[in-house]
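**Q** Knowing the structure of chain A, use the given hints to seat chain B on it.
Each chain, written out:
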Amino acid sequence: MNSIIALLIGVVAIGVGYFVYAKSINTNVIQPDEKKATPAKMFMDGVDFTPANRNVLFGYQFKSIAALGPILGPIIAVQWGWLPALLWIVIGTFFIGWVQDYTSIMIGVREEGQSFGALSYRLISPRSRMILLIFIYFYLWLIMGSFGVQVGYNLLTKVTVPLGVIIVILVGVLAGQMTYKWKQDIILTSVITVVLSFLGIYLSTLEPVRNFFSSIYSYTLGTDGKTLVSPTLFLTVTQAKLIGSLLMVAICYFGAVLPIWRWAQPINYVAFWIVTLGILAGVIGLLVWHPGMGDFPAFTTFNVTGLGPLWPILFVTIACGAISGWHSLVSSSGTARQLEKETDALFVGGGSMFLEMFFAIVAFLTATVAFGSFQGYKDAGGGAAPANVFSNGLAAFMSKIGVPTNFGQAYGGVFLTLMALTIMYLVVRFMRAASSEALGEKMPIMRNVHVGTIIALVFTLALIWLVPFLQIWVMFGAANQLMASLALLLVTLWLKNKGKNYQWTFWPFVFMFITTIFALLYKAYEAFFLNLPKINDAVTNKIANVTQFALAQWIIGIVALVLVVTALFLAWDAMKAFRQPKAEPAKVKA
Amino acid sequence: MKPIQIDVFYPLPEGWAMCNACELLLSQANLGQTPGQRGLDEYPPDLREELQRLSNTIYTLAEKYQDQVQIKVWDPRSLQGMLKSIRYGARRYPTFIINGQVKLTDWDSSKLDQQVQNALESRNSAL
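If you read the sequences in order, they're chains A and B.
Sequential numbering from 589 applies to the first sequence in the numbering used here.
Sequential numbering from 6 applies to the second sequence in the numbering used here.
Just chain A, with the same shape it has in the complex:
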């Protein structure tokens, strides 16, 4: 299939999904009222509740939902073949994705901007709020793990990436100094810092720099004559992976302890330009080139090694880009509090979800068309190193408009690293704040900024060093989809309470809930009953380090079971709430 056809499928799905299905639900079921006061107007405080123009809000919503998820998920999922991945992106968005995002905004608007925690407390049960918090803590840890592997193991271990990342970070620090201390013109600051960043990325492609990092990582050529091999130091951690992960941890540490204006904010600003220009160049290159998929199979096999069976695992592997529980938090707690008019909700919530679907299709194409073959995709890293696939794929697209491939590859690597780091050092800040506030009274040392940060980073390193990426990613996706199930359940209960048709949210809830539960049960089963027994014959099963392998299975198995238990508690409470008479929320004690 040609890439243009894949893009056209996306365009048609947007046309029919948004302009026919979504508009019909909007008009006939939700019936937004333009004149009705929204929470943004009722409780305007200039902080959380602020009416915003629908175009600005669309940008806010899209920026919040489209991070690494819609990029990495599709690239991993094409291991089942391009057809299941593409179908799930399109059908998932069409029937479930926009439904969740849009209704999460509307429920927030109609329920006076209450957060999902508060709504689940009221509509389901008091303990559902606690379940939500447990989910959030696991979710953060899994974010750090999955992004951390990509940054520390796959991106910073490429010899053309670390210098580029370090230079862009230093340039970001310079941008902060110029803006906040020297009070320089922003346009001048932007031009200087973006040009310096490009220069830094170019420098990182030069041979002396590549040789320098090769020697630091002690790279030698592998037996295939193509792959670079670094010596293993402990567990299965090579010298390159150790340095890459420690460099990542050091960057996150500075991001978490230095004032936000000194590090996180200006680096994020410079990174914005790198990312925006990269996406623009990649999409233009793709349109100019419009290659086909070559021998990339439509379907490979039902059971992919390292991932599992197509159902249910595909449906948690691609979360963002099809349906993601994360979006419901964004929609209900953020966007719903800034919506100026009820009639803007479909454009903001539904529209940005359909745009994210398009973004996911572009990422999907970096895996399926950029390398000309399935083997090319696997050689670029395949599902185990989706960040490499994306950066190399983007480089291939950019090369069609004259960007040299080696520069494009370094650019793609720096681009993705910065995208991930922006989220990561703020997640570390969150983990630090959480541990300080939860344990600070009993253990005053936890209030120390450095102690809290180091503990969060040690947890991150443990996950990265112990658990294989694909296992972390599937758990991350499952936690995400558990959240989606909760969101759809809340919306269904809310529609039922209001006496409205709820079939269009109920069936997506049933599908997502069953799929997620089975995905988690499968991962627990796989960890305890398929993988753990393999340590009895470590040599035949090619297990490099038995202790690490066993620990990884225990971590994954336990996390999966905890998530299953939380989901079942939630379903039980929801079932009770569902059986209650119409318009009567669950009776709870505060």
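Worth double-checking, as some hints may not be accurate.
[Claimed, not checked] Once the Cα atoms are required to be at most 20 angstroms apart in a straight line, the calculated SDA-like pairs of lysine to any residue come out as:
| no. | chain 1 | residue 1 | chain 2 | residue 2 |
| --- | --- | --- | --- | --- |
| 1 | B | Lys89 | A | Trp1082 |
| 2 | A | Lys769 | B | Pro50 |
| 3 | A | Lys769 | B | Thr100 |
| 4 | B | Lys108 | B | Ala124 |
Hints were generated in silico from the structure; no laboratory data involved.
**A** For chain B alone, coordinates are given in the frame of chain A:
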């Protein structure tokens, strides 16, 4: 009557809110400080003072002129803000542009007030 448009250019400090994802997680976890406020206390004191001053100036204008003025604050680091600051030549901060014509780039609030009054008078005389 069409209000007088006042565009204000200033690089606005961002707290943790620069990462919407993190902000939302914080709001769900209910960790004391509002997410939008987290990190703002880390900015240099002179910048915080300036921001307070700017905020007071804007509120005073809004209170005094009510519906007669429409005030828009632009961060020159946003795409739209950058394009507008190029268009109006706003290179120092804060810069106030009144009705797309008059440019003021200092903290003198009486001068700003005078220019707004002039703009209102010329609008009224044109009617």
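**Q** Against this structure, judge whether each hint is valid.
**A** Evaluation of the provided hints:
Straight-line distance between C-alpha atoms of lysine 89 of chain B and tryptophan 1082 of chain A comes to about 43 angstroms, which puts the hinted pair past the 20 angstroms bound. Restraint check: the Cα-Cα separation between lysine 769 of chain A and proline 50 of chain B comes to about 11 angstroms, which is no more than 20 angstroms; the hinted pair holds. For the hint pairing lysine 769 of chain A with threonine 100 of chain B, the CA-to-CA distance comes to about 18 angstroms; that is within 20 angstroms, so the pair holds. A threshold of 20 angstroms between alpha carbons decides the hint, and for lysine 108 of chain B with alanine 124 of chain B the separation of about 12 angstroms falls inside it, so the pair holds.
In this structure, the one hint that does not hold is number 1.
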